[in-house]
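Fit chain B to the supplied structure of chain A, relying on the hints for placement.
Protein chains in written order, with the working numbering: chain A, 1206 to 1617; chain B, 668 to 817.
Simulated from the structure, these hints should not be mistaken for laboratory data. Hints are supplied without guarantee of correctness; some may be wrong.
Unchecked claim - Just the calculated beta-carbon pair ranges, DEER-fashion: (1) Arg1261/A - Arg700/B: 55 to 63 Å; (2) Phe762/B - Val1523/A: 44 to 52 Å; (3) Ala1347/A - Asp757/B: 47 to 55 Å.
What the hints assert, rightly or not - Covered stretches of chain A (in silico footprint by chain B; criterion: 3 or more residues with CB under 8 Å from a CB of chain B, positions within the stretch not fixed): (4) 1220-1226; (5) 1256-1264; (6) 1317-1331.
In this text, a Cβ means the ideal position worked out from N, Cα and C, and glycines have one as well.
If you want the building blocks of each chain, they are given just below.
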Amino acid sequence: MSRKVRIAQLSCGSEYSGVQKEIYEAAESVDAEVFFPDIALADVERAVDTFGLDVRSADLKLMIARGKALVEGTVDADGVFIGTCFRCAEAAIVRNELRRYIHEHSRLPVVSYSFTERTTAGTLLTRMEALTTIARRRALLAREEQTGITMGVDSGSSTTKAVVMKDNEIVGTGWHPTTEVIKSAESVVADALEMAGLTREDIQAVGTTGYGRFLIGKHLGADLIQEELTVNSKGAVYLAGHQRGASTVIDIGGMDNKAISVLDGIPGTFTMGGICAGASGRFLEMTAKRLGVDITELGPLAMKGMGKNVPMNSYCIVFGTQSLVNALAAGSSREDVAAAACHSVAEQVFEQQLQEIDIKEPVIMVGGTSLIEGLVYAMGQLLQTEIVVPPHSQYIGAVGSALLASGFIKGE
Amino acid sequence: MAKVFIYPATSLILSDLVARFGHKPLGAALGIRERIQTAGVDSPPLQITPEEPKRGLKYAAVEVPSGVRGRMAIYGPLLEEAEAAIIVTDADLAFGCMGCARTDELILFSLRQSGIPILELKYPANEEEGVQFVAAVKKFLDGLENGGET
Chain A
1206 MSRKVRIAQL SCGSEYSGVQ KEIYEAAESV DAEVFFPDIA LADVERAVDT FGLDVRSADL
1266 KLMIARGKAL VEGTVDADGV FIGTCFRCAE AAIVRNELRR YIHEHSRLPV VSYSFTERTT
1326 AGTLLTRMEA LTTIARRRAL LAREEQTGIT MGVDSGSSTT KAVVMKDNEI VGTGWHPTTE
1386 VIKSAESVVA DALEMAGLTR EDIQAVGTTG YGRFLIGKHL GADLIQEELT VNSKGAVYLA
1446 GHQRGASTVI DIGGMDNKAI SVLDGIPGTF TMGGICAGAS GRFLEMTAKR LGVDITELGP
1506 LAMKGMGKNV PMNSYCIVFG TQSLVNALAA GSSREDVAAA ACHSVAEQVF EQQLQEIDIK
1566 EPVIMVGGTS LIEGLVYAMG QLLQTEIVVP PHSQYIGAVG SALLASGFIK GE
Chain B
668 MAKVFIYPAT SLILSDLVAR FGHKPLGAAL GIRERIQTAG VDSPPLQITP EEPKRGLKYA
728 AVEVPSGVRG RMAIYGPLLE EAEAAIIVTD ADLAFGCMGC ARTDELILFS LRQSGIPILE
788 LKYPANEEEG VQFVAAVKKF LDGLENGGET
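One chain only, chain A, in its complex shape:
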């Protein structure tokens, strides 16, 4: 039995929000334990003084002292979970600065989260799983080359993707909207195998990721079932040819978004947003539908428009879409509306998620939405950098899974 991964919790308000039990449950479900770094009361003021952030809340002072203890090595941990109440400005400053401090002064993986009383263990599961994966599977995550014949399947909320890889090359792909999770997976697997000219028996190892990873992993007898934060990071730097050094991975998904600060292919800090549909691929799907174009046509359409010409009153998928409809009624062009929708999604991700990680170039956009060039352009404008969209970026989870699964081939 492997040792439990020890996750240090630095938080303010988790008990009084009634979510501490959920945090414990999420950690337990991935065989990890959450603990509060033990420090002396006398050390708190000293730590706050040397940290230099003069906060008033005592629990935030305690957070800072605990964070310093982790960096100074007086307390051992495998990963760090930083959590504070959603909408607390003072806590947001501490959460952000502490996250940056730990990231810069240690090798500890950090995830930060702002919770409400509605936060559940399910919401936290993928984040906790990523922390434990980074701690447990550093050797596997260091893999830079795919060997043998492996398959990766990504069961996402909107689409299911499969990739067959052979000797470090993608030889087969499959893509299907997710309807029934297992049936969708079977369809994409069949397509990928057919394209590769291989059969299921030829596959030496299988990796699964995405929302349906456990279900399809069991169904396919997968060797590796892993959350999408580490898998997508690995897939992104692999496809972008940037496996060493720092990079930033942005994946705007159908249901949630991931922003990951990566070092040598391993996530350092990451955020995962899943509260607002206005910051997801769904918003763009709805816009495409309203404009009467296929989602694949939305990007080129947006590139011809000027988003600034359309007043957007809200990021919300309902009220934001209403703004777009009003603009069309007032005579705005479809191109301008498409550009405004792309800008709206990019701006919300920029404001709400990218502030939680350190942006380091290259910035790599992956996932199906990375094929919407209007969205990539809008993100590039906001970040003032050229965004890298690697080939096969829509298959990122499947590629990452196939790459990592090769570590499970017998004899590897």
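What follows is chain B alone, placed relative to chain A:
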């Protein structure tokens, strides 16, 4: 015997002083004890459930962070019950501390708005101030309308 809210609510020293001078201290121990003794809930600190921040909506709006509302679900009823209050400002962490500055502001404001007798004292910095501190607390408690049972 008057019900006296103490601030910081976690201060055992302050709680003890109020009790010694014949009054009922209202603080964290009381608020938390209510929940420990309720059947079917976990031992502290897990006894607080997501229901508390919802109950806290009585004292703070929905846009107020859940941690503040959760704390107010515990302290709010005590504030309503209080007939007097002792507030110690600039207290050392070891004396007793309230974790959240925003909750502090709301509690202190609520107390000052309530119209009940309040004694506000600065945390003593030396022994001489300590003696004056205890004397001031005693005088305040003795002077409460329903006090003097000691």
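Going down the list of hints, with the structure as the test:
1. Arg1261/A - Arg700/B: 55 to 63 Å: The hint (55 to 63 Å, Cβ to Cβ) is violated, given that Arg1261/A and Arg700/B are roughly 28 Å apart.
2. Phe762/B - Val1523/A: 44 to 52 Å: Because 50 Å falls inside the window, the suggested range holds.
3. Ala1347/A - Asp757/B: 47 to 55 Å: holds (52 Å)
4. 1220-1226: n = 7 at 8 Å, threshold three: holds.
5. 1256-1264: It holds, with 5 qualifying residues against the three required.
6. 1317-1331: holds (count 4)
Hint 1 from the earlier list is the only one contradicted by this structure; the remaining hints agree with it.
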